[in-house]
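**Q** Each chain, letter by letter, is given below.
Protein chains: 4
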Amino acid sequence: MRIDLNADVGESYGAYNYGDDAGVLGSVSSANIACGFHAGDPGVMRATVALALDRGVSIGAHPGLPDLEGFGRREMRVSPREAEDMVAYQVGALAAIAAAQGASLRHVKPHGALYNMAARDEALAAAIARAVAAVDGSLVLFGLSGSPLIHARKRAGLRVASEAFPDRAYAPDGSLAARGTPGAVVTATDEVVARALGMVTQQAVTAIDGVRVPLSADTLCVHGDTPGAAALARALRAGLQAASIEVKAP
Amino acid sequence: MRIDLNADVGESYGAYNYGDDAGVLGSVSSANIACGFHAGDPGVMRATVALALDRGVSIGAHPGLPDLEGFGRREMRVSPREAEDMVAYQVGALAAIAAAQGASLRHVKPHGALYNMAARDEALAAAIARAVAAVDGSLVLFGLSGSPLIHARKRAGLRVASEAFPDRAYAPDGSLAARGTPGAVVTATDEVVARALGMVTQQAVTAIDGVRVPLSADTLCVHGDTPGAAALARALRAGLQAASIEVKAP
Amino acid sequence: MRIDLNADVGESYGAYNYGDDAGVLGSVSSANIACGFHAGDPGVMRATVALALDRGVSIGAHPGLPDLEGFGRREMRVSPREAEDMVAYQVGALAAIAAAQGASLRHVKPHGALYNMAARDEALAAAIARAVAAVDGSLVLFGLSGSPLIHARKRAGLRVASEAFPDRAYAPDGSLAARGTPGAVVTATDEVVARALGMVTQQAVTAIDGVRVPLSADTLCVHGDTPGAAALARALRAGLQAASIEVKAP
Amino acid sequence: MRIDLNADVGESYGAYNYGDDAGVLGSVSSANIACGFHAGDPGVMRATVALALDRGVSIGAHPGLPDLEGFGRREMRVSPREAEDMVAYQVGALAAIAAAQGASLRHVKPHGALYNMAARDEALAAAIARAVAAVDGSLVLFGLSGSPLIHARKRAGLRVASEAFPDRAYAPDGSLAARGTPGAVVTATDEVVARALGMVTQQAVTAIDGVRVPLSADTLCVHGDTPGAAALARALRAGLQAASIEVKAP
Chain A
2 MRIDLNADVG ESYGAYNYGD DAGVLGSVSS ANIACGFHAG DPGVMRATVA LALDRGVSIG
62 AHPGLPDLEG FGRREMRVSP REAEDMVAYQ VGALAAIAAA QGASLRHVKP HGALYNMAAR
122 DEALAAAIAR AVAAVDGSLV LFGLSGSPLI HARKRAGLRV ASEAFPDRAY APDGSLAARG
182 TPGAVVTATD EVVARALGMV TQQAVTAIDG VRVPLSADTL CVHGDTPGAA ALARALRAGL
242 QAASIEVKAP
Chain B
2 MRIDLNADVG ESYGAYNYGD DAGVLGSVSS ANIACGFHAG DPGVMRATVA LALDRGVSIG
62 AHPGLPDLEG FGRREMRVSP REAEDMVAYQ VGALAAIAAA QGASLRHVKP HGALYNMAAR
122 DEALAAAIAR AVAAVDGSLV LFGLSGSPLI HARKRAGLRV ASEAFPDRAY APDGSLAARG
182 TPGAVVTATD EVVARALGMV TQQAVTAIDG VRVPLSADTL CVHGDTPGAA ALARALRAGL
242 QAASIEVKAP
Chain C
2 MRIDLNADVG ESYGAYNYGD DAGVLGSVSS ANIACGFHAG DPGVMRATVA LALDRGVSIG
62 AHPGLPDLEG FGRREMRVSP REAEDMVAYQ VGALAAIAAA QGASLRHVKP HGALYNMAAR
122 DEALAAAIAR AVAAVDGSLV LFGLSGSPLI HARKRAGLRV ASEAFPDRAY APDGSLAARG
182 TPGAVVTATD EVVARALGMV TQQAVTAIDG VRVPLSADTL CVHGDTPGAA ALARALRAGL
242 QAASIEVKAP
Chain D
2 MRIDLNADVG ESYGAYNYGD DAGVLGSVSS ANIACGFHAG DPGVMRATVA LALDRGVSIG
62 AHPGLPDLEG FGRREMRVSP REAEDMVAYQ VGALAAIAAA QGASLRHVKP HGALYNMAAR
122 DEALAAAIAR AVAAVDGSLV LFGLSGSPLI HARKRAGLRV ASEAFPDRAY APDGSLAARG
182 TPGAVVTATD EVVARALGMV TQQAVTAIDG VRVPLSADTL CVHGDTPGAA ALARALRAGL
242 QAASIEVKAP
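Residue numbers (our numbering), protein chains in the order written: chain A, 2 to 251; chain B, 2 to 251; chain C, 2 to 251; chain D, 2 to 251.
Each hint should be verified, as a subset may be incorrect.
Partial list, derived from the structure: chain D residues whose beta carbon lies under 8 Å from chain B [stated by the list, open to error]:
(1) 67
(2) 70
(3) 75
(4) 76
(5) 77
(6) 78
(7) 79
Derived list of chain D stretches under chain C, where covered just means 3 residues or more per stretch with a C-beta under 8 Å from a C-beta of chain C [to be verified]:
(8) 44-57
(9) 93-103
(10) 126-138
(11) 232-239
Everything labelled a hint here was simulated from the structure, so no lab data went into it. All figures in this text were calculated on a predicted structure; none of them were measured in a lab. In this text, a Cβ means the ideal position worked out from N, Cα and C, and glycines have one as well.
Given only the sequences and the hints, what does the whole structure look like? Please build it.
**A** As structure tokens, this is what we get:
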């Protein structure tokens, strides 16, 4: 049995530091590297690629909406065409910075509002999948388990990885409970690890109303911008390995 | 005998139109496509690649300083490291948008202040050459004839194309006369064509003080943002072809 | 009887020219000047204030969403708090540039998606009204006739001007017909002038389904970025004056 | 005897936190608040004004170059006209956000590369002074002691405050030693306090070569983005007050 652990990294910008990249990159198997639209800049991207390679972590692009001030978390009414172009642009920018270090991207995970919009909107999901397939058909697209982004891969002929969030509560329909909802974020390390084990071994999660919801979990998201992120990543990796689950990029 | 004609294109942005791309792309052999820092956006880049391919024009990246408001024309004190990263980023972004249309970049020409700074500053020129070589060693780097950007290629192992400007006056040292200088811009079509022919056939130009200055001319720049740019490009192509000079990308 | 004619101006940016400001400023009575978020930059703002003052046109701020690439036309999920802060910021920036020329702002008209969102969303409308009132309580807020932005003024204690669009078709509920709808934009000059006269003298308009819809018209919008904008503005002014309607800022 | 202590604050941006504003605002008498070009956004500006008012600290604008990625520290070749417009814009934006809280700006201090350029370039210094005077002639302009920015005030009719840097080494000509120079930054708290006392009581400083250099010190800069900034600010205030020097905004 195996699973991927992914984390968003490279979200610093200019003089601004963000997240504990060095900490989480010690434990995850896939690094989603910001590409300069919602966070990151060319120098941060280069340094983050170098750090991930040094830690033996698989690298991927983390394209976002063009909204640095909102950190890519504010939904914007972009057209599918605009989304397709902005994803191709960002994936290419990071791919070149990786190529300059002799490395290749392995996956793409949309960020924040772009990810959430693509988890609801089929045309947007299809546009993102098209962009990734057109730029490099060997890339693995990460998307919310059960969402249009995952289904869009079939038309695009892409490999996908269904993502699950052990530290987030789920609604009965398999979507994530909104961040404002009480209990939407699970903070106790033990509980996060237990949920992760259940997701991997049973491909299901208990929703916020107690109902069991099936999901597909190829990769688990570890948030890198919360206090104790590095410790949580270590605990997740240790817990998975103790259960004889290999932690490895898809 | 042959020569390349290049023009800066894809410099529109969002709701803003700039230049007569369709006009000049009918006559040039190489298109320098803006990459989103000084001008251009992902949608404009995609459309410009498509237009250039449709006209059979070779495509290249035209990376600039991160200064949309100043159109990349204001010098900024960026470090060589910053220049290297921003060039890799922009070349990669355009390369992906081209790849999504089944096309490959053939060259890179820095824009505006970045081009001018690299024509004086060896460390900056070397950084730009390193970025291009690291991203794709088959790309041809365009730089001012005789400038450090051309010399930097040797260390980087890149192919280069020495650029000359038939519509700009030259100083006796082979640099361009500053735009403010009287006579710095040559506007009469006949004269521009005659200068172009001289540059190609004699590899020399008459400087602003009347002295003959040798130069190397692998590619001639056609400005696309001046009134009558398309007509000038047509006249240049016709004049060169009438002199049995083939107009072709390097 | 009197009416205000307003136009969006100052939407150029850096090297990019946009609209026929000199043309429309010859005929309108209020200039909505972009403030650097969706369009405009400090130099364009200064020059536009100078041009409006030279033509005797009343000046106001035209704040937009922070989305230059989308020209402020893409809706973004900004919070009321964010909207309040961004409106105060932009109004203040333009007010200072006007003050440096000895002039004062007279009104504020939100731009594009911010205007449209405030025409539907009461919390957002209230936030915008609060910002304007807090910065300068003597400013007149322009908003779509009958919309929450107009009603929000009561709580904020602001003066408002209800805006009508003679070149746009109306839905039966008094909202603007979506731009995509056939017939949504009225292009014949005669018809636009006739609709303007009806709006002023009868305070009503015939909706796209033929029903008469009452509206309040204190100010009429003249689009400055369409071909023939200056001619249309002249025709509107002439038509209104021929009907003994004074064209004057509120 | 009295002196002002000033600190740069409000340099966070969106999701990015920067500096220890709450810490330093407990000890300084003037807050230089970033205005959205090199750092800061409308929400950060509003919150920083509120925090400064709460601590009884005088507020001023801290306009910078339009270079968020470089934090306004990379010199850009902007024209005096561009500098004048960007300063007016930023001062106005902050003034409105302050006015919305019932407060007024008291001073303006250019940031980073703009400050340094104005300490060398008379035309740029004059442009900045003109902008400040035109927007609000009662504002006090902060500039490096002995620099063109200070002299420019005479023509502009502005009040100025000469600034000195107790934690920075000085060159024999009264300019700041470049940050790269060994010993350019003084880190020992005792030494910084002693230098501050000397600056205030003797209006002189010992330059890096041991020579005494006269300077004018109306306000002392406390850097808020270094580790221990709040403690250093407290020590400075305590040291000054122990020497019977009142700490007060100009």
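**Q** Against chain B, is residue 75 of chain D within 8 Å by beta-carbon distance?
**A** Residue 75 of chain D check passes; min Cβ-Cβ to chain B is 5 Å, inside 8 Å.
**Q** Hold the hint about residue 78 of chain D up to the distance rule: shortest CB distance to chain B must be less than 8 Å.
**A** OK, holds: residue 78 of chain D within 8 Å of chain B, min 4 Å.
**Q** Does the closest beta carbon of chain B sit nearer than 8 Å to the beta carbon of residue 77 of chain D?
**A** holds, 5 Å
**Q** Can the stretch 232-239 of chain D be counted as covered by chain C under the rule of three residues or more with Cβ-Cβ separation shorter than 8 Å?
**A** Three-residue rule not met by the stretch 232-239 of chain D, so violated; n is 0.
**Q** For the hint on residue 70 of chain D, does the least C-beta distance to chain B fall short of 8 Å?
**A** Nearest chain B Cβ about 6 Å off; hint holds.
**Q** Does residue 67 of chain D pass the interface check with chain B, least Cβ-Cβ distance below 8 Å?
**A** holds, 6 Å
**Q** Quick one: see if chain C covers the stretch 44-57 of chain D, three-plus residues with Cβ-Cβ under 8 Å.
**A** holds (count 3)
**Q** Classify the hint on residue 79 of chain D as holds or violated, based on whether any CB of chain B lies nearer than 8 Å to its CB.
**A** holds, 6 Å
**Q** Given as covered by chain C, does the stretch 93-103 of chain D meet the bar of three residues or more with CB within less than 8 Å?
**A** As far as the stretch 93-103 of chain D goes, the hint holds, because 9 residues have Cβ atoms under 8 Å from chain C.
**Q** For the stretch 126-138 of chain D, count the residues whose Cβ lies under 8 Å from any Cβ of chain C; is that count three or more?
**A** Check passed, 4 qualifying residues.
**Q** Hey, does the residue 76 of chain D contact hint survive, CB to chain B under 8 Å?
**A** With a closest approach of 4 Å, the residue 76 of chain D hint holds.
Going down the numbered hints, you'll see the structure goes against just number 11.
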